[in-house]
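Those sequence lines, one after another, are chains A and B. Numbering-wise (this note's numbering), the first sequence opens with residue 1 and increments by one. Numbering-wise (this note's numbering), the second sequence opens with residue 1001 and increments by one.
I should point out that these hints are in silico values taken from the structure, not numbers from a laboratory. Misleading hints may appear alongside valid ones.
Said to hold, decoys possible - From the structure, some residues in chain A lie toward chain B, with a derived Cβ separation under 7 angstroms: (1) V262; (2) A310; (3) V316.
As the list claims (entries may be wrong) - Okay, the calculated bits of chain B under chain A, using three or more residues with CB under 8 angstroms as the criterion: (4) 1083-1096; (5) 1106-1117; (6) 1197-1210; (7) 1257-1269; (8) 1273-1282.
What the hints assert, rightly or not - Calculated Cβ distances over 12 angstroms to all of chain B for the following chain A residues: (9) Y5; (10) G68; (11) R119; (12) I134; (13) A248; (14) L303; (15) L339.
Just so it is clear, CB atoms sit at the ideal spot from N, CA and C, and this is done for glycine as well.
Here is how the chains run, residue by residue.
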Amino acid sequence: MRFDYHTRYRQGFALLKHPADWVNYGVLLAALLVVPLVASNYFVGELSYVLILCVASLGLMTLSGFTGQISLGHASFVAIGAYGHAWLLAHGVPFILALPLAALISAGAGLVVGIPAIRVSGLYLAMVTLAFSIVVEQVIGMWRGVTGGFMGMLVETPSIAGISLGSPKVFYYLCLLVVVLVLLALANLLRSGIGRAFTGVRDSEAAAYALGIEVKRMKVGAFGLSAGITGLAGALMAHHIGYLTPDAFTLLLSLDLVLMVVIGGMGSLRGAILGAVLISMLPNGVALLKDVLPQSMARQSGLEIFVAGAVLAFFVLFEPTGLNGRWMKIRALLENFPLYRRDTFRRQKAYMKSERNR
Amino acid sequence: MSPALELFAQLTVNGIAVGAIYALVAMGVVLIHKATEVLNFAHGDLLVLSAFSAWALIAGAGMPFWLVLPLVAAGLGVLAYGMDALIVRRIAGQPQFAGVMLTIALAFMLRGLVQMIFGTDSQSYDTPWTGGSVQLFGVTIADLSLVIMAVVFLIAALLWVFFRKTRLGIAMQAASQNQLAAHLNGVRVKRLNSLVWALAGVTAAIAGIFLAPLTLVDTALWLITLKALAAIVLGGFGSLPGAVLGGILIGLIEQYAGVYLPDGFKDIAAYLVLIVVLILKPNGLMGDAHGRRV
Chain A
1 MRFDYHTRYR QGFALLKHPA DWVNYGVLLA ALLVVPLVAS NYFVGELSYV
51 LILCVASLGL MTLSGFTGQI SLGHASFVAI GAYGHAWLLA HGVPFILALP
101 LAALISAGAG LVVGIPAIRV SGLYLAMVTL AFSIVVEQVI GMWRGVTGGF
151 MGMLVETPSI AGISLGSPKV FYYLCLLVVV LVLLALANLL RSGIGRAFTG
201 VRDSEAAAYA LGIEVKRMKV GAFGLSAGIT GLAGALMAHH IGYLTPDAFT
251 LLLSLDLVLM VVIGGMGSLR GAILGAVLIS MLPNGVALLK DVLPQSMARQ
301 SGLEIFVAGA VLAFFVLFEP TGLNGRWMKI RALLENFPLY RRDTFRRQKA
351 YMKSERNR
Chain B
1001 MSPALELFAQ LTVNGIAVGA IYALVAMGVV LIHKATEVLN FAHGDLLVLS
1051 AFSAWALIAG AGMPFWLVLP LVAAGLGVLA YGMDALIVRR IAGQPQFAGV
1101 MLTIALAFML RGLVQMIFGT DSQSYDTPWT GGSVQLFGVT IADLSLVIMA
1151 VVFLIAALLW VFFRKTRLGI AMQAASQNQL AAHLNGVRVK RLNSLVWALA
1201 GVTAAIAGIF LAPLTLVDTA LWLITLKALA AIVLGGFGSL PGAVLGGILI
1251 GLIEQYAGVY LPDGFKDIAA YLVLIVVLIL KPNGLMGDAH GRRV
């Protein structure tokens, strides 16, 4: 059992709360570093994809989980990042520069979309972002000069200091580096004043405003930051796909990203990672399921989307805090073993509250 | 009439015909949102389900159209009632986002089921009006479009009477304005909400059965929910007459954009309208203004 006995003020917002966590995360990182040495190229490639989705999921979590703004159109930022990166590479910008520049372009687009967020919130914002992503998809399809239109666009394979990124193992290490950097940056940002301002805006705009937080700036800023991180994921995604077409960034990708943050658990970085891992594993899980099911059911194509919906419904109904919440419960159970009380995490009875007049 | 004017008239008629369908879908979404504050993203998939069921019954089982229409509408009504009573009701009191996620989940499940049961191929079936058309002042109107317009305006009128004149409709209004107060006055709020879902399910079924012969019976039909959202926003969120007006305006804008604006605008016109309206006039054309409560 572990106790939070803080003897110094700064311990209250340390990067990791317990010394044991440093060991745990260190072991995890070491394991991830060793994987390419023992695993096959195919597996490493799939793992890189999971890591890319983790970055995108972290981007959306910054916005939805921490600032409380719903976005149903984050695939558009993935697309902007991917196309921006590919375009910069095609015009001779070195990879090291193109990656952050792509993130910046995407962040710029995020700032533009964030401006309506000042005026609209909740469902309305969800609809604005949804509409924006459809518009972006069409624009990419029509803007042949830059994006290659519906025909698609080839992504060049760059090399850093003589090492080609074409090798899955090199690419894996790049993705891992980006994930770790983004995670560290976000963890540090969120325990700073800005991070607390984000949370304040999420929990009560009026209270945050009364405390002197510039709500508008925080909202737009969160949008830009989130779009930038998601764009970074897009740039990596461009290399993973290799050939960009508009149908890689449809509404379904947006919904997948939302699925990740909701299933992972709103308002936790760990949740974003867990959600991304679960959702990217889902197709493999369904493939396993198909082996068990009778032939007539296994051949159907709708099974995958049905399972995704069922998993989402299950989490919304029975575990609203997501995988992260479940993780906390299991940890509490293990740590306090004979003394676990279910009521620790019990929700109070809730009544219908109108959000109409917010 | 000059050719330019004739084209305009034809576009207007087509726009109203398409817009009538948007209006019908939008009304279904507004009904549920007004009653339960859940924005139903599964509405489009209810519509797809009804279109496929109608196809299976008409083209597969050879049943007459007039039998299939009430059958599918009743079936969808029961299904929607069950969806609320068994699933959606449980999340009352949680943030709005939970409702969005739950209906998206239901939409995925419905879409998966439709694909598993009916396959992924596009289908088509005939109605009693397929193929016929009338000439009016040089404008060609398909019989089916005329029927659709009539049906939509009939449903809108029925809903208006229902909400103004009947006990049940007034109880629904009361429940949507203040659930607790309605409950204290003896209105059975939970059952009413499920009934509203059933009503919306019936409108979805009718929309699906009439829309599918115009296009094709396909799972991509669910995208019409997004057009309906644009219609709802344009009309003013939570207003039934607004939904009808918005739907028809969106239909018109799309038709005009397809001809008078450059290539590619037709597909995104509705969404551009949605973004612009939400930024400039979030209350829409017929919505009522709300203050912000701290």
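Against the structure, the hints:
1. V262: Interface hint status for V262 (chain A): holds (5 angstroms vs cutoff 7 angstroms).
2. A310: With a closest approach of 6 angstroms, the A310 (chain A) hint holds.
3. V316: holds (5 angstroms)
4. 1083-1096: Answer holds; 8 residues pass the 8 angstroms Cβ test.
5. 1106-1117: holds (count 11)
6. 1197-1210: violated (count 0)
7. 1257-1269: holds (count 4)
8. 1273-1282: It holds, with 5 qualifying residues against the three required.
9. Y5: Label holds. Min Cβ-Cβ 34 angstroms, cutoff 12 angstroms.
10. G68: violated (9 angstroms)
11. R119: Non-interface label on R119 (chain A) violated, nearest chain B Cβ at 6 angstroms vs cutoff 12 angstroms.
12. I134: Incorrect as stated: the minimum Cβ-Cβ distance to chain B is 5 angstroms, not above 12 angstroms.
13. A248: holds (18 angstroms)
14. L303: violated (6 angstroms)
15. L339: holds (30 angstroms)
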